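Colleague: Next come the chains, spelled out residue by residue.
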Amino acid sequence: MYTDLMVSGFGGQGVLIAGRLLSYAAMRENKHVTFFPAYGPVMRGGEAYCTVVISTRLIGSPVVRNPLTVIVMNLPSLLSLEPRVKPGGLLIVNADLADRSHSRREDIKKIFVPANTIAEGIGSGRVASMVTLGAYIEATGAVTLQNAISCLDKIITEKHREFLHLDEEALNKGAEFVRAGHRLQDTGIR
Amino acid sequence: MIAVGEKVLMRGCEAMAEAAIRAGCRFYAGYPITPQSELAEYMARELPKYGGVFIQSESEIAAINMVLGASVTGTRAMTSSSSPGISLKQEGISYLAACELPAVIANFSRGGPGLGNIAPSDADYFQATKGGGHGDYRNIVLAPYSVQETVELTHLAFDLADRYRNPVLILCSGLIAQMMEPVEFMPFREEKEEKPWALRGARGRPSMVIKSLYLQDVELEGHDLKLQEKYKEIREKEVRVEAQHLEGAKLVVVAFGTAARVAASAVEEVREEGLPVGLIRPITLFPFPTDFIRKAAEGTDRFLVLELSGGQMVEDVELAVRGRVPVEFYGRMGGVVPSPEEYLTEIKKRL
Amino acid sequence: MKLVFDRPRSMKDKPMHFCPGCSHGIVHRLVAEAIDALGLRERTVAVAPVGCAVFMYEYMDFDVTEAPHGRSPAVATGIKRSRPDLFVFTYQGDGDIGAIGLAEIISAANRGENFSVVFVNNTVYGMTGGQMAPTTLLGQRTTTTPRGREAKTEGHPLKMAELISGLEAPYYVARVAVDSPAHIARARKAILRAFQIQVEEKGFSFVEVLGACPLNWGLSPAEAIKRVQEELIPCYPLEIFKDKEQAVM
Ligand SMILES: Cc1ncc(C[n+]2csc(CCOP(=O)(O)OP(=O)(O)O)c2C)c(N)n1
Ligand code: SF4
Ligand SMILES: [Mg+2]
Numbered sequence: 001m002y003t004d005l006m007v008s009g010f011g012g013q014g015v016l017i018a019g020r021l022l023s024y025a026a027m028r029e030n031k032h033v034t035f036f037p038a039y040g041p042v043m044r045g046g047e048a049y050c051t052v053v054i055s056t057r058l059i060g061s062p063v064v065r066n067p068l069t070v071i072v073m074n075l076p077s078l079l080s081l082e083p084r085v086k087p088g089g090l091l092i093v094n095a096d097l098a099d100r101s102h103s104r105r106e107d108i109k110k111i112f113v114p115a116n117t118i119a120e121g122i123g124s125g126r127v128a129s130m131v132t133l134g135a136y137i138e139a140t141g142a143v144t145l146q147n148a149i150s151c152l153d154k155i156i157t158e159k160h161r162e163f164l165h166l167d168e169e170a171l172n173k174g175a176e177f178v179r180a181g182h183r184l185q186d187t188g189i190r
Numbered sequence: 001m002i003a004v005g006e007k008v009l010m011r012g013c014e015a016m017a018e019a020a021i022r023a024g025c026r027f028y029a030g031y032p033i034t035p036q037s038e039l040a041e042y043m044a045r046e047l048p049k050y051g052g053v054f055i056q057s058e059s060e061i062a063a064i065n066m067v068l069g070a071s072v073t074g075t076r077a078m079t080s081s082s083s084p085g086i087s088l089k090q091e092g093i094s095y096l097a098a099c100e101l102p103a104v105i106a107n108f109s110r111g112g113p114g115l116g117n118i119a120p121s122d123a124d125y126f127q128a129t130k131g132g133g134h135g136d137y138r139n140i141v142l143a144p145y146s147v148q149e150t151v152e153l154t155h156l157a158f159d160l161a162d163r164y165r166n167p168v169l170i171l172c173s174g175l176i177a178q179m180m181e182p183v184e185f186m187p188f189r190e191e192k193e194e195k196p197w198a199l200r201g202a203r204g205r206p207s208m209v210i211k212s213l214y215l216q217d218v219e220l221e222g223h224d225l226k227l228q229e230k231y232k233e234i235r236e237k238e239v240r241v242e243a244q245h246l247e248g249a250k251l252v253v254v255a256f257g258t259a260a261r262v263a264a265s266a267v268e269e270v271r272e273e274g275l276p277v278g279l280i281r282p283i284t285l286f287p288f289p290t291d292f293i294r295k296a297a298e299g300t301d302r303f304l305v306l307e308l309s310g311g312q313m314v315e316d317v318e319l320a321v322r323g324r325v326p327v328e329f330y331g332r333m334g335g336v337v338p339s340p341e342e343y344l345t346e347i348k349k350r351l
Numbered sequence: 001m002k003l004v005f006d007r008p009r010s011m012k013d014k015p016m017h018f019c020p021g022c023s024h025g026i027v028h029r030l031v032a033e034a035i036d037a038l039g040l041r042e043r044t045v046a047v048a049p050v051g052c053a054v055f056m057y058e059y060m061d062f063d064v065t066e067a068p069h070g071r072s073p074a075v076a077t078g079i080k081r082s083r084p085d086l087f088v089f090t091y092q093g094d095g096d097i098g099a100i101g102l103a104e105i106i107s108a109a110n111r112g113e114n115f116s117v118v119f120v121n122n123t124v125y126g127m128t129g130g131q132m133a134p135t136t137l138l139g140q141r142t143t144t145t146p147r148g149r150e151a152k153t154e155g156h157p158l159k160m161a162e163l164i165s166g167l168e169a170p171y172y173v174a175r176v177a178v179d180s181p182a183h184i185a186r187a188r189k190a191i192l193r194a195f196q197i198q199v200e201e202k203g204f205s206f207v208e209v210l211g212a213c214p215l216n217w218g219l220s221p222a223e224a225i226k227r228v229q230e231e232l233i234p235c236y237p238l239e240i241f242k243d244k245e246q247a248v249m
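Chains as they are written, first to last, in my numbering: chain R, 1 to 190; chain U, 1 to 351; chain V, 1 to 249.
Excised from the complex, chain R in its bound form (with noise of 0.2 Å):
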């Protein structure tokens, strides 16, 4: 098994944390991971990106230029990533940031998530990366949702524990999302 995931968005938006959380999933699991945020001066434009790589072998570059996957959070990260998404791969978009009428590629399976409204429902728009985690997590089956979930309070840092509950929830909405009516056959994962 292998499989790559790419999750961008605006600084503050959680990108880095939902990367974290699979990451530290995916260990739980016994599987090879690597985790590698961008950093340095490029972050300060308020831009934030990372890189999630999984595999049952050794994983050669934690850097990926053609991702199987990737999460988009905002519409600059979908007109910068839409392109290097792998033939086949799948793109994750928040819907609320980025309309789908930007979005080009046909040859990739897409789904579009309102994560935002979806998160401000549960009490927090903080929690939308969660949301399309979830979302994620059901369409590949990366790591099992239950997995994630019990990782949350290795990945939370103590002044957001209280935002606990939800980003759990955040993380069941997305996967239900998928659940009614997106699942998809084939996630690209080999």
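Calculated from the structure, these hints are not laboratory results. Heads up, none of these hints are tricks.
Here chain V is said to cover these stretches of chain U; the calculated rule only asks that three of the stretch's residues, wherever they fall, bring their Cβ under 8 Å from a Cβ of chain V: (1) 47-60; (2) 191-203.
With a straight-line Cα cutoff of 20 Å, these simulated EDC-like cross-link-like pairs (lysine to aspartate or glutamate) come out: (3) R:Lys154 <-> U:Glu184; (4) R:Lys86 <-> U:Glu269; (5) U:Lys195 <-> V:Glu42; (6) R:Lys110 <-> R:Glu82; (7) R:Lys154 <-> U:Glu6; (8) U:Lys192 <-> V:Asp85; (9) U:Lys211 <-> V:Glu58; (10) R:Lys154 <-> R:Glu29; (11) R:Lys86 <-> U:Glu342; (12) U:Lys348 <-> U:Glu247; (13) U:Lys130 <-> U:Glu315; (14) U:Lys195 <-> V:Asp85; (15) R:Lys173 <-> R:Glu162; (16) R:Lys86 <-> U:Glu341; (17) U:Lys7 <-> R:Glu29; (18) R:Lys86 <-> R:Glu106; (19) U:Lys195 <-> U:Asp159.
This structure is a prediction, so every number in the text was calculated from the model and none was measured. We put the beta carbon where it would ideally sit given N, CA and C, even for glycine.
With chain R held as given, fit chains U and V with the ligands onto it using these hints.
Modeller: Here is chains U and V with the ligands on its own, set in the frame of chain R:
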């Protein structure tokens, strides 16, 4: 505190800091530079809890000299930086080597020359392995390729530094600094090493001096010969290398650090296709596995050296192979990290 | 009459190599005496400079380590911080402290490191043959200012004691000279005071000593002493610039 055997997800440079503390490091001085400032931040937070000293120095020059001072007293000490900062440390490293003082120096190298960029690179191989500073000296150079190995080699670095009273460099690309991977830690080191050479005041013994100045040529040559003897012993005893699929390999790939992990992935794939490709991964860059590669040259048709540089380690491979079979090179520079597919193409081209 | 010259316990029984009339010999002796007086010999680790005083370890009978040119304050920081029980001082020249090692001394002083600095200002690079130092006087001819130092191109003499005393952290900063018995007595007191402050863990102490380099000044020892008195002291006033104890009294 992280329990022994507990798996945690951690950035390479932070894992190195934790491992250093566990290996008995009680003094750290450094100056911020991307992509490894998190190591200093970790030390600032954690080291004082163990009675250790953290100093943010005014420069890399000051940092390496603070480490020199701490080492003079027999304290396990380290500094870390990235390429431009490591250039500034060269003066101090030469003095450490000359004074035979142990120290651990980590270089999470980035794209160069000059200010370059902050992307992962391994173009500081020459600087690390051939001296870097002035004079006839060598650093022991360790090159981890994963976060787990970074932890293991950090423990080894402190032990080797003390055993040989020599600076030990841990050389890895900035990718390993920033990448998070599952990692397990070793126990805290309990034993305290005897360091009769350390300066702690002339109480109950004659006064001692730590120095590198020998104005008489023959006297200095004597000191240099002693250092050369030591490097010879290091070459004999401390080579560490990993190899795969050398048996019957028509092509042998040689790579270290970040390039080696990408190469390992690529080699796995071509092996599955049944292609006769082997892999040699030097873990110690000094001492270099010269004999090992020389022997491998007897059983293969061709070498391919893969590096994140314009071609540095390839010179040592060529020296080892001595023209017996062709040694080819493929490198990416400027912080570009090649994909396994890219290496796959390069490997297949040469079969 | 028999001349009795008893060697401080902290000095080895070895003739010094300095030129006739060089101030390093006297300052070495004052340092050794202060260490004896405070009973520090067995817990001293000194940092020798790169400069004419590099051979300090040949003459001193306590532990000494070498440091790269100008880096002594960083090395001393490493020693003192890892072993606060040790008595640590640097011994530096004007090129060492005021040019190549300016960042290290200012930073260590500004951190208020608990070690002492003995700085011998002889207005030239002695060891390398008398080139201009940051402390070289205006108009002074050196091998690299053959027409004399000019303010317009080489700047003004660097007043280290004033500079250091301008920082918040340092506890004691003084400038002394060793040109006369009276001045030597004051220098002895200043060095003793500086060392005492470290022993009492009060922080950074700094003594600048105006010295002579007859060789590179092209003067006889007697003429060199005259130059210290007539040219150096007017430019570099002998003062206690800072003593936090005195300030509170
Ligand atoms: C990096 C470096 N640059 C230059 C030198 C050469 N050098 C040795 S001593 C010295 C100047 C010493 O002058 P000062 O500090 O005033 O000491 P003095 O000899 O006058 O006591 C210089 C430039 C060196 N050893 N290292
Ligand atoms: S050159 Fe100057 S400083 Fe050096 S020993 Fe001679 S007189 Fe002293
Ligand atoms: Mg001088």
